[in-house]
Amino acid sequence: MIELTDIAYVRSGAADLDTAVRFAVDVVGMELTAQEDGVAYLRADQRHHCLALVEGESGVISSGFTVRDEDALAAAETELEKAGVAVARGGAEEARSRRVRDFLAFDDPFGNRIDLVIDQVTLTAPVRHGREAGITEFGHLCLDAPDVREAYRFWNGLFNARVSDWIGDWACLMRIDQVHHKLAVFQGSRPGLCHINFQVDSLDDVMRNWHFLEANGVEIEMGPGRHPQSTAVFVYFKGPEGITYEYSWGVRLITDEDAWRPRYFDPAEPGSIDMWQGPTRRVHTQPQIRRPLPGRPATGSEG
Numbered sequence: 001m002i003e004l005t006d007i008a009y010v011r012s013g014a015a016d017l018d019t020a021v022r023f024a025v026d027v028v029g030m031e032l033t034a035q036e037d038g039v040a041y042l043r044a045d046q047r048h049h050c051l052a053l054v055e056g057e058s059g060v061i062s063s064g065f066t067v068r069d070e071d072a073l074a075a076a077e078t079e080l081e082k083a084g085v086a087v088a089r090g091g092a093e094e095a096r097s098r099r100v101r102d103f104l105a106f107d108d109p110f111g112n113r114i115d116l117v118i119d120q121v122t123l124t125a126p127v128r129h130g131r132e133a134g135i136t137e138f139g140h141l142c143l144d145a146p147d148v149r150e151a152y153r154f155w156n157g158l159f160n161a162r163v164s165d166w167i168g169d170w171a172c173l174m175r176i177d178q179v180h181h182k183l184a185v186f187q188g189s190r191p192g193l194c195h196i197n198f199q200v201d202s203l204d205d206v207m208r209n210w211h212f213l214e215a216n217g218v219e220i221e222m223g224p225g226r227h228p229q230s231t232a233v234f235v236y237f238k239g240p241e242g243i244t245y246e247y248s249w250g251v252r253l254i255t256d257e258d259a260w261r262p263r264y265f266d267p268a269e270p271g272s273i274d275m276w277q278g279p280t281r282r283v284h285t286q287p288q289i290r291r292p293l294p295g296r297p298a299t300g301s302e303g
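According to full-length UniProt numbering, the stretch in the sequence shown is residues 1 to 303, in order.
Note that these hints are calculated values from the structure, not bench results.
Treat the hints with caution; some may be incorrect.
[Claimed, not checked] List time: in silico EDC-like cross-link candidates among lysine to aspartate or glutamate, alpha-carbon distance up to 16 Å:
hint: 1; residue 1: 238; residue 2: 219
hint: 2; residue 1: 82; residue 2: 107
hint: 3; residue 1: 238; residue 2: 256
hint: 4; residue 1: 82; residue 2: 108
hint: 5; residue 1: 238; residue 2: 26
hint: 6; residue 1: 238; residue 2: 221
Fair warning: this is a prediction, and the values are worked out from it, not measured in the lab.
Model the full structure from these sequences, guided by the hints.
What follows is the structure, encoded as structure tokens:
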């Protein structure tokens with residue numbers, strides 16, 4: 001089994017890089033750590049970056065997860081290939097662009113591009129937030145797939161992802177450590193990035209951010225509310241290039257693996273998405289850019 005140790009980053013294309021960067025810094029509150037060769041690197045915690053905005057076609061390029069070391073990366077490559085998943089090792093320049101020592105890339109069964117990385121660069125300096133949003137860390141990422149049950153079979157069959165809760169056949173919330181979910185898959189007609197999450201320090205931060213977003217004309221997609229699954233208080237909002245961002249606070253930790261049983265929530269029931277029963281809707285997904293794996297030629301179906 002391939003053991004994911006954490007989420008690493010999201011790599012996303014930006015047709016208007018300057019606007020996307022300004023929003024990430026001035027509105028979301030991230031720090032721009034570097035900008036070079038058409039790539040802007042944004043951090044929220046000790047990672048060199050958790051969001052890389054790449055100048056070019058708009059859409060998500062890849063979502064990164066860490067594994068323990070080079071032996072774990074080699075074992076993951078073997079296990080994926082045995083399962084019939086096409087895998088490619090990234091080159092030195094590509095690894096440098098991701099600020100990792102090495103990585104491999106593959107597509108999940110639905111076309112979401114995944115990077116498995118080792119030795120993601122850590123920065124020692126405190127984060128210089130673009131504004132005081134209260135962000136403490138990059139919390140989780142959510143992908144889209146047409147069949148969340150099949151998606152779970154993939155992530156649980158090959159990886160250490162365990163389902164924490166189901167929201168009908170609409171969403172599967174998965175953990176790779178004690179946090180209720182670091183990865184979620186939502187039902188969608190095509191692959192893509194449903195949203196990226198940032199944890200904040202307090203409930204007050206969620207509410208202050210909500211008022212800030214409203215005052216600055218940012219589109220609120222959902223919230224403030226509270227998810228009954230993770231207990232997190234949330235607000236979702238839409239940024240440039242179609243990226244949905246989320247602030248949340250108060251996420252549940254699952255500390256007793258043996259005692260926890262996944263629950264099933266019917267999305268048609270009141271309070272199943274927001275236990276405060278505020279208005280809910282499907283947030284915007286940034287579509288996956290279809291590209292060949294590193295080192296592989298493009299085919300007629302890939303752009």
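Here is how each hint holds up against the structure:
| no. | hint | result |
| --- | --- | --- |
| 1 | 238 - 219 | holds (6 Å) |
| 2 | 82 - 107 | holds (15 Å) |
| 3 | 238 - 256 | violated (35 Å) |
| 4 | 82 - 108 | holds (14 Å) |
| 5 | 238 - 26 | holds (14 Å) |
| 6 | 238 - 221 | holds (7 Å) |
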